[in-house]
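Starting from the known structure of chain A, fit chain B onto it as the hints suggest.
As a plain string of letters, each chain reads:
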Amino acid sequence: MYGDMGNKLVHHAKRTQNLAHLPPYQAEIVRGVTREVRDLKKDVDELLEPFGDSQPTEPHISCTVMVNHLAIRRNKRCLLAYHRTRTDKLEELVWNGSDVVDLSGQQVRDTTGTSNGGAVGGVDATTSSLSPQEEEYVRQYSDLLAAYKGQWTDIDLTGSLEPPRDLFIDVRVLKDAGEIQTEYGAITLTKNSQFYVRQGDVERLITQGYLHKLG
Amino acid sequence: MDIDDILRQVDPVRHSVPPETRDLQGLTRLWVAERSAPELLEWPQDGLIDRVNSRVKAQIEKVEEMTGDMDPKTNFALIVIQTELERYKYLVRSYLRARIAKVDKHALHYLSSQELRRRLSPTEIAYATRHQALLHNHYLSSFLSSFPEKLQNLNDTSGNVSMIDSPDPNTTVFIRLLRDLDVQGMGTDDDIKLPSQNGDIVILRWSSAKPLVDDGDAELV
Numbered sequence: 001m002y003g004d005m006g007n008k009l010v011h012h013a014k015r016t017q018n019l020a021h022l023p024p025y026q027a028e029i030v031r032g033v034t035r036e037v038r039d040l041k042k043d044v045d046e047l048l049e050p051f052g053d054s055q056p057t058e059p060h061i062s063c064t065v066m067v068n069h070l071a072i073r074r075n076k077r078c079l080l081a082y083h084r085t086r087t088d089k090l091e092e093l094v095w096n097g098s099d100v101v102d103l104s105g106q107q108v109r110d111t112t113g114t115s116n117g118g119a120v121g122g123v124d125a126t127t128s129s130l131s132p133q134e135e136e137y138v139r140q141y142s143d144l145l146a147a148y149k150g151q152w153t154d155i156d157l158t159g160s161l162e163p164p165r166d167l168f169i170d171v172r173v174l175k176d177a178g179e180i181q182t183e184y185g186a187i188t189l190t191k192n193s194q195f196y197v198r199q200g201d202v203e204r205l206i207t208q209g210y211l212h213k214l215g
Numbered sequence: 001m002d003i004d005d006i007l008r009q010v011d012p013v014r015h016s017v018p019p020e021t022r023d024l025q026g027l028t029r030l031w032v033a034e035r036s037a038p039e040l041l042e043w044p045q046d047g048l049i050d051r052v053n054s055r056v057k058a059q060i061e062k063v064e065e066m067t068g069d070m071d072p073k074t075n076f077a078l079i080v081i082q083t084e085l086e087r088y089k090y091l092v093r094s095y096l097r098a099r100i101a102k103v104d105k106h107a108l109h110y111l112s113s114q115e116l117r118r119r120l121s122p123t124e125i126a127y128a129t130r131h132q133a134l135l136h137n138h139y140l141s142s143f144l145s146s147f148p149e150k151l152q153n154l155n156d157t158s159g160n161v162s163m164i165d166s167p168d169p170n171t172t173v174f175i176r177l178l179r180d181l182d183v184q185g186m187g188t189d190d191d192i193k194l195p196s197q198n199g200d201i202v203i204l205r206w207s208s209a210k211p212l213v214d215d216g217d218a219e220l221v
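Top line first, the protein sequences correspond to chains A and B. Numbering (full-length UniProt numbering) for the first sequence: 1 to 215. Numbering (full-length UniProt numbering) for the second sequence: 1 to 221.
Here chain A stands alone, though its shape is the one from the complex:
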């Protein structure tokens, strides 16, 4: 049925919206939908060929052409929606300071964790949940964002969007983060220790998950 595969993509997109991570790219379905579009286009062209530049007069032909054309448009919308949802998600990740490499790595861990060492045949295909085009996109978007951020060096655009309450905060160290330099001297962040530090100094480490803000 026309548009069925497009519908599947939209369902995937809807699901993606509510997930914390990005599910693997549905390359198979995307290919399927584009193939459908090409076939439809070919049908339309074949139907219209005998008429040249003039409009077809038989109602059944105009009707088929119309339906095919609408199906093509619908498929295009589905594809756009699917890709846009994913790029939105990717942009969010870029803003939060995650790395594409990080992201792919996380997916690898996920798949090996769940497959219990059983069937490993599919691992190669799932090493990255991004399509090559998406990886390229993320790279370019990071550059763009960095360029835009460069104009506001003092503000640190990707910083916390919570209004700052206190200059100093209590943090607990979740993972060893080594030694950091602050204006009051160096502190060594060892796991499970607790510190009272300046928020600006450790913001990065909080977003990266090394520290946990208390209170």
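Source of the hints: derived by calculation from the structure; they are not laboratory data. The reader is advised that the hints may include incorrect statements.
Stated by the list, open to error - Lysine to aspartate or glutamate pairs mimicking EDC-like chemistry, simulated, CA-CA at most 20 Å apart:
1. A:Lys213 to A:Asp201
2. B:Lys105 to A:Glu91
3. A:Lys89 to B:Asp191
4. B:Lys210 to B:Asp191
5. A:Lys213 to A:Asp176
6. A:Lys175 to A:Asp154
7. A:Lys149 to B:Glu124
8. A:Lys213 to B:Glu86
9. A:Lys14 to B:Asp165
10. B:Lys57 to A:Asp156
11. B:Lys105 to A:Glu92
12. A:Lys149 to B:Asp104
13. B:Lys62 to B:Asp50
14. B:Lys210 to B:Asp180
15. B:Lys57 to A:Glu28
16. B:Lys62 to A:Asp154
17. B:Lys73 to B:Glu84
18. A:Lys14 to A:Glu92
19. B:Lys57 to A:Asp201
20. B:Lys62 to A:Glu135
21. A:Lys149 to B:Asp50
22. A:Lys89 to B:Asp165
23. A:Lys175 to A:Glu162
24. B:Lys210 to B:Glu39
25. A:Lys149 to B:Glu86
26. B:Lys57 to B:Asp23
27. A:Lys191 to A:Asp170
28. A:Lys149 to A:Glu162
29. B:Lys62 to A:Asp156
30. B:Lys193 to B:Asp182
31. A:Lys89 to A:Asp154
32. B:Lys62 to B:Glu20
33. B:Lys105 to A:Asp88
34. A:Lys191 to A:Asp201
As the list claims (entries may be wrong) - If you want a taste of the chain B side facing chain A, the calculated C-beta under 10 Å gives, among others:
35. Asn53
36. Phe143
37. Phe147
Ideal Cβ placement from N, Cα and C applies to all residues, glycine included.
Below, chain B alone, put in the same frame as chain A:
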């Protein structure tokens, strides 16, 4: 009106608000308005953001200068300045992020006409254009390139469906009136005219509120 207002009327020179405070108030207003308006508001043309930026820079330098001093008295002042600086930076950051989020959401809409383009700052225009180009390229390389040529555009308006998404002008907003006037509002059954006073807070559709805000008769809250 409180005592400060009265004093200011008597002696406008000595009790006038310093420009720094006025800038901070201006920035706060812009920030509040930008966060509650459904569509992108105008980028301040009077160089407010530039002034804010240079002030932030100056304060950062001051902080760096004062850090070397070990005197407890300057240490306390330092904490006050740093706290204030963090808050100031938060305001600017949040303001810019709110704008970028809107630009991202309806990039083609804001780039489509000259009038709308004027609302963006030059850097925002550059960002939006580049971002849109990136997106189009991404779509092209992912699937659009195998589409018939006529259907490769992203800004098609044929077939009764415009591909350019624009913000909804009928979202509700809260506004505070800055002078007495009759507020014209759209209702579900009937349009009404509500006589209101300075300081009243009303909720109405953005399409009805926009002229009031633009004329300075009301502000968004």
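Here's how the hints hold up against the structure:
Distance check on the hinted pair: Lys213 (chain A) and Asp201 (chain A) sit about 13 Å apart at the alpha-carbon level, within 20 Å; holds. This hinted pair checks out: Lys105 (chain B) and Glu91 (chain A) have alpha carbons roughly 12 Å apart, not beyond 20 Å. About 41 Å separates the Cα atoms of Lys89 (chain A) and Asp191 (chain B), which puts this hinted pair outside 20 Å; it is violated. Taking the CA atoms of Lys210 (chain B) and Asp191 (chain B), the gap is about 16 Å. The hint holds against a cut of 20 Å.
Only pairs whose Cα atoms come within 20 Å are accepted, and Lys213 (chain A) paired with Asp176 (chain A) is accepted, the gap being roughly 15 Å. Straight-line distance between C-alpha atoms of Lys175 (chain A) and Asp154 (chain A) comes to about 29 Å, which puts the hinted pair past the 20 Å bound. Of the supplied pair hints, the one linking Lys149 (chain A) and Glu124 (chain B) holds, its CA atoms being roughly 11 Å apart against a limit of 20 Å. Under the criterion of a C-alpha separation no larger than 20 Å, the hint pairing Lys213 (chain A) with Glu86 (chain B) is consistent with the structure, at around 17 Å.
The suggested pairing of Lys14 (chain A) with Asp165 (chain B) holds, with an alpha-carbon distance near 19 Å, which does not exceed 20 Å. Between Lys57 (chain B) and Asp156 (chain A), the direct Cα distance comes to roughly 12 Å. Compliance with the 20 Å bound is thereby established for this hinted pair. Distance restraint check for Lys105 (chain B) and Glu92 (chain A): the Cα-Cα separation of roughly 13 Å lies within the 20 Å cut-off, and the hinted pair is therefore satisfied. For the hint linking Lys149 (chain A) to Asp104 (chain B), the alpha-carbon distance of about 15 Å falls within 20 Å, and the restraint holds.
A distance of roughly 18 Å separates the Cα atoms of Lys62 (chain B) and Asp50 (chain B); the hinted pair therefore holds under the 20 Å criterion. At most 20 Å may separate the alpha-carbon atoms for a hinted pair to count; Lys210 (chain B) and Asp180 (chain B) meet this at roughly 17 Å. A distance of roughly 52 Å separates the Cα atoms of Lys57 (chain B) and Glu28 (chain A); the hinted pair therefore is violated under the 20 Å criterion. With a C-alpha separation of about 14 Å, the suggested pair Lys62 (chain B) and Asp154 (chain A) falls inside the 20 Å cut-off, and the hint holds.
Simply put, Lys73 (chain B) and Glu84 (chain B) have alpha-carbon atoms about 17 Å apart, close enough for the 20 Å limit, and the pair holds. Taken as a hint, the Lys14 (chain A) and Glu92 (chain A) pair is honoured in the structure, with Cα atoms around 16 Å apart against an allowance of 20 Å. At roughly 18 Å between alpha-carbon atoms, Lys57 (chain B) and Asp201 (chain A) fall within 20 Å of each other, so this suggested pair holds. With a C-alpha separation of about 42 Å, the suggested pairing of Lys62 (chain B) with Glu135 (chain A) is violated against the 20 Å cut-off.
For the proposed pair Lys149 (chain A) and Asp50 (chain B), the alpha carbon gap of about 15 Å is at most 20 Å, so the pair holds. Using a Cα cut-off of 20 Å, the hinted pair Lys89 (chain A) and Asp165 (chain B) holds, with the two alpha carbons roughly 19 Å apart. Under the criterion of a C-alpha separation no larger than 20 Å, the hint pairing Lys175 (chain A) with Glu162 (chain A) is inconsistent with the structure, at around 23 Å. Taking the CA atoms of Lys210 (chain B) and Glu39 (chain B), the gap is near 10 Å; set against the 20 Å cutoff, the hint holds.
Note on Lys149 (chain A) and Glu86 (chain B): the hinted pairing holds, with a Cα-Cα distance of about 17 Å set against a maximum of 20 Å. With a C-alpha separation of about 15 Å, the suggested pair Lys57 (chain B) and Asp23 (chain B) falls inside the 20 Å cut-off, and the hint holds. Our distance criterion of 20 Å between C-alpha atoms is met by Lys191 (chain A) and Asp170 (chain A), whose separation comes to about 14 Å. Restraint check: the Cα-Cα separation between Lys149 (chain A) and Glu162 (chain A) comes to about 19 Å, which is no more than 20 Å; the hinted pair holds.
Using a Cα cut-off of 20 Å, the hinted pair Lys62 (chain B) and Asp156 (chain A) holds, with the two alpha carbons roughly 18 Å apart. Of the pairs offered as hints, the one joining Lys193 (chain B) and Asp182 (chain B) holds, with about 6 Å between alpha carbons and a cut-off of 20 Å not exceeded. For a cut-off of 20 Å, the pair hint linking Lys89 (chain A) to Asp154 (chain A) is broken: about 27 Å separates their Cα positions. Restraint check for Lys62 (chain B) and Glu20 (chain B): the C-alpha separation of about 16 Å stays at or below 20 Å, so the hint holds.
Our distance criterion of 20 Å between C-alpha atoms is met by Lys105 (chain B) and Asp88 (chain A), whose separation comes to about 9 Å. Between Lys191 (chain A) and Asp201 (chain A) the alpha-carbon distance is near 18 Å, which keeps this suggested pair within the 20 Å criterion. Contact between Asn53 (chain B) and chain A, as hinted, is supported at the beta carbon level, the nearest pair being about 7 Å apart and thus within 10 Å. Against a cut-off of 10 Å between C-beta atoms, the interface hint on Phe143 (chain B) holds, since the closest Cβ of chain A lies about 5 Å away.
For Phe147 (chain B), the shortest C-beta to C-beta distance to chain A is roughly 6 Å, which falls under 10 Å, so the interface hint holds.
Violated hints, in rising order: 3, 6, 15, 20, 23 and 31; the structure is consistent with all others.
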